[in-house]
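*Asks:* First to last, the protein sequences are chains E and V.
Using my numbering, you'd call the opening residue of the first sequence number 1 and step up by one each time.
Using my numbering, you'd call the opening residue of the second sequence number 1 and step up by one each time.
Please note that the accuracy of each hint is not assured.
Note: identical chains are not told apart, hence a pair may lie in one copy or across any two.
What the hints assert, rightly or not - Simulated crosslink set (EDC-like; lysine to aspartate or glutamate; CA at most 16 Å straight-line):
| # | residue 1 | residue 2 |
| --- | --- | --- |
| 1 | Lys59 | Glu174 |
| 2 | Lys231 | Glu200 |
| 3 | Lys67 | Asp57 |
| 4 | Lys59 | Glu172 |
| 5 | Lys175 | Asp57 |
| 6 | Lys67 | Glu49 |
| 7 | Lys263 | Glu240 |
In case anyone wonders, no lab produced these hints; they're calculated from the structure.
There are 2 protein chains.
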Amino acid sequence: MIRVAVDALGGDSAPEEVVAGAAEAASPELQPILFGPAGLETHGLELVETTQEIAMDEKPAEAVRAKPDSSLVAACRAVGSGEADAVVSAGNTGAMLAACFLELRRLQGVSRPAIALVIPSEPRPSVLIDSGANADARPEHLLQFAHMGSVFSEEVLGVPDPQVRLLSIGEEPEKGNQLTLEAHELLAGAEGLNFAGNTESRDLLRGAADVVVCDGFTGNVALKLMEGTIKAVLDALREEITSSRRSRVGGLLVRPAARALRKRLDPETYGGAYLLGLRGLAVIAHGNSSRRAIANAIRLAARGVEHDVVGRLAQRLPERVLASARSDPGK
Amino acid sequence: MIRVAVDALGGDSAPEEVVAGAAEAASPELQPILFGPAGLETHGLELVETTQEIAMDEKPAEAVRAKPDSSLVAACRAVGSGEADAVVSAGNTGAMLAACFLELRRLQGVSRPAIALVIPSEPRPSVLIDSGANADARPEHLLQFAHMGSVFSEEVLGVPDPQVRLLSIGEEPEKGNQLTLEAHELLAGAEGLNFAGNTESRDLLRGAADVVVCDGFTGNVALKLMEGTIKAVLDALREEITSSRRSRVGGLLVRPAARALRKRLDPETYGGAYLLGLRGLAVIAHGNSSRRAIANAIRLAARGVEHDVVGRLAQRLPERVLASARSDPGK
Numbered sequence: 001m002i003r004v005a006v007d008a009l010g011g012d013s014a015p016e017e018v019v020a021g022a023a024e025a026a027s028p029e030l031q032p033i034l035f036g037p038a039g040l041e042t043h044g045l046e047l048v049e050t051t052q053e054i055a056m057d058e059k060p061a062e063a064v065r066a067k068p069d070s071s072l073v074a075a076c077r078a079v080g081s082g083e084a085d086a087v088v089s090a091g092n093t094g095a096m097l098a099a100c101f102l103e104l105r106r107l108q109g110v111s112r113p114a115i116a117l118v119i120p121s122e123p124r125p126s127v128l129i130d131s132g133a134n135a136d137a138r139p140e141h142l143l144q145f146a147h148m149g150s151v152f153s154e155e156v157l158g159v160p161d162p163q164v165r166l167l168s169i170g171e172e173p174e175k176g177n178q179l180t181l182e183a184h185e186l187l188a189g190a191e192g193l194n195f196a197g198n199t200e201s202r203d204l205l206r207g208a209a210d211v212v213v214c215d216g217f218t219g220n221v222a223l224k225l226m227e228g229t230i231k232a233v234l235d236a237l238r239e240e241i242t243s244s245r246r247s248r249v250g251g252l253l254v255r256p257a258a259r260a261l262r263k264r265l266d267p268e269t270y271g272g273a274y275l276l277g278l279r280g281l282a283v284i285a286h287g288n289s290s291r292r293a294i295a296n297a298i299r300l301a302a303r304g305v306e307h308d309v310v311g312r313l314a315q316r317l318p319e320r321v322l323a324s325a326r327s328d329p330g331k
Numbered sequence: 001m002i003r004v005a006v007d008a009l010g011g012d013s014a015p016e017e018v019v020a021g022a023a024e025a026a027s028p029e030l031q032p033i034l035f036g037p038a039g040l041e042t043h044g045l046e047l048v049e050t051t052q053e054i055a056m057d058e059k060p061a062e063a064v065r066a067k068p069d070s071s072l073v074a075a076c077r078a079v080g081s082g083e084a085d086a087v088v089s090a091g092n093t094g095a096m097l098a099a100c101f102l103e104l105r106r107l108q109g110v111s112r113p114a115i116a117l118v119i120p121s122e123p124r125p126s127v128l129i130d131s132g133a134n135a136d137a138r139p140e141h142l143l144q145f146a147h148m149g150s151v152f153s154e155e156v157l158g159v160p161d162p163q164v165r166l167l168s169i170g171e172e173p174e175k176g177n178q179l180t181l182e183a184h185e186l187l188a189g190a191e192g193l194n195f196a197g198n199t200e201s202r203d204l205l206r207g208a209a210d211v212v213v214c215d216g217f218t219g220n221v222a223l224k225l226m227e228g229t230i231k232a233v234l235d236a237l238r239e240e241i242t243s244s245r246r247s248r249v250g251g252l253l254v255r256p257a258a259r260a261l262r263k264r265l266d267p268e269t270y271g272g273a274y275l276l277g278l279r280g281l282a283v284i285a286h287g288n289s290s291r292r293a294i295a296n297a298i299r300l301a302a303r304g305v306e307h308d309v310v311g312r313l314a315q316r317l318p319e320r321v322l323a324s325a326r327s328d329p330g331k
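Just chain E, with the same shape it has in the complex (with noise of 0.2 Å):
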């Protein structure tokens, strides 16, 4: 039985399409632990009551420091006391790191935790790292999350010997901005890890690598960019099949191939990414996160669990990654 804490109130359409997606995901092997006030309507889950809220729009740190017994604070405390094996939170971003942070501390030897999106690339899926947690980083940092995201490929997703690369601007390796140029000698004379070099964000959602490596913003820009685009694809197809009465027609008949598509593609079929680095379970849902979005969130912290994500990245991230590590405090 898998227990997984999770923030009744983060996200914008929270608590009410928290706790449905809490009860979607609930099974005899997993069960949801909602953190959230008293009189929550729970659909029958295990409520743990707690009396803060943390907004979306709060400073995080800040709001963290005073509201240790916000919904999202106490979900990830429990992670630490050891009460649930995960946390998912589709509240305050800024926040759930902090508190994560603070709850879970970090992993030996890694400075900066990372959010690992799994994209749905063909022909097989592939890790956006980091794709968030980190607006700004060092060129060191990025070594960490190429060895974060290369464990976690290779353990969680199956994949042997993972290939690695850079998002830069060019292949090149000369192409790119200071911190790129920078991590590309870093990556490039690593040891342990499979780089093959930069790739262009054209290739992402080609395969272009098992681990996908950038900094924070890039990621986040580059992840939220891969869904508008999708969406705004679909959306357009959608009217110019509806322009005419020819393509409506057809239109009625490729409607379950554009469904498949959309689904496979829909960020909501992920429902969350996990950040890793920590000693702990933590998975980042959406703020505008459905039902359905969060209750795969829920699956995908679950199956983290099962897969000792946590365990194995503290068993194999290399001693030398330990070692960069410890010449570099973190800030």
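Starting from the structure of chain E, add chain V where the hints point.
*Replies:* Using the frame of chain E, we list chain V on its own:
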């Protein structure tokens, strides 16, 4: 009669596709002038013979210095000397930037020329600036990009009082990396700019703003990701459709609609992007340009001449930009 200097050796499928594209663009009002080696098949177009060539992977600054009689540098020089009204190259982007810098020089007050790409967003096109000229930029550069993009949008695209937004990872001013946080402050305090705050990348194709400002690394990642995602989605849809008999029939009926969409979203429809901030008009075309893309890039250059992009920027870039730029010698 508008004369456009065309680098016949620039791009992955040069010179054949470039010459063919130039021939396609030629009209009584538009005269492409090819720059390339003696003996080049020109389809009857004028040829200015050059003796050197800059390869796609050469180091930009060195190549431009070492090869003053390359097709790329000579084509830029023709604009500087007034023999041509604009220049188009699908060659080495860095070399094109360096050659333009050298041969066309910057407009007064501009420390960093930037690439302005017109995005096929709905309900109307928007301008993404910088989409690749400056991999590293400072906040004051982003302010200049905003002014250039704004004047461009108003004068060339005909948008009254264009709305400007800063590309970041959250709409709130306090979301972003160090660069966007500082740029946000500058933009918010700038006079004469209709600055409406941050925008997220998911809204780029949905007309997030008339002008979207970012550094060249982020902009280049964004534009290539948009292109790649549009292509991946349409390709995947075709695959889904051809996988069943029923949807194959539907596919035939929706094909015109899909084609119309593909054409609207296809980067080849624009063919290139303006390099703004120079005393002459330059268009940078895709490295993998087909003849159609080259023809469209040449037409884009001609439209820029008709609209007097350079003259209007020189006239309109407000004194404020000049003032802020004078304190920044550029680098």
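*Asks:* Each hint: holds or not?
*Replies:* To see whether the hints hold, each was checked on the structure:
no.: 1; hint: Lys59 to Glu174; in the structure: between (38 Å within a copy, 9 Å between copies)
no.: 2; hint: Lys231 to Glu200; in the structure: between (21 Å within a copy, 14 Å between copies)
no.: 3; hint: Lys67 to Asp57; in the structure: within (14 Å within a copy, 54 Å between copies)
no.: 4; hint: Lys59 to Glu172; in the structure: between (39 Å within a copy, 11 Å between copies)
no.: 5; hint: Lys175 to Asp57; in the structure: between (36 Å within a copy, 10 Å between copies)
no.: 6; hint: Lys67 to Glu49; in the structure: within (14 Å within a copy, 73 Å between copies)
no.: 7; hint: Lys263 to Glu240; in the structure: between (20 Å within a copy, 12 Å between copies)
Checked against the numbered hints above, the structure violates none of them.
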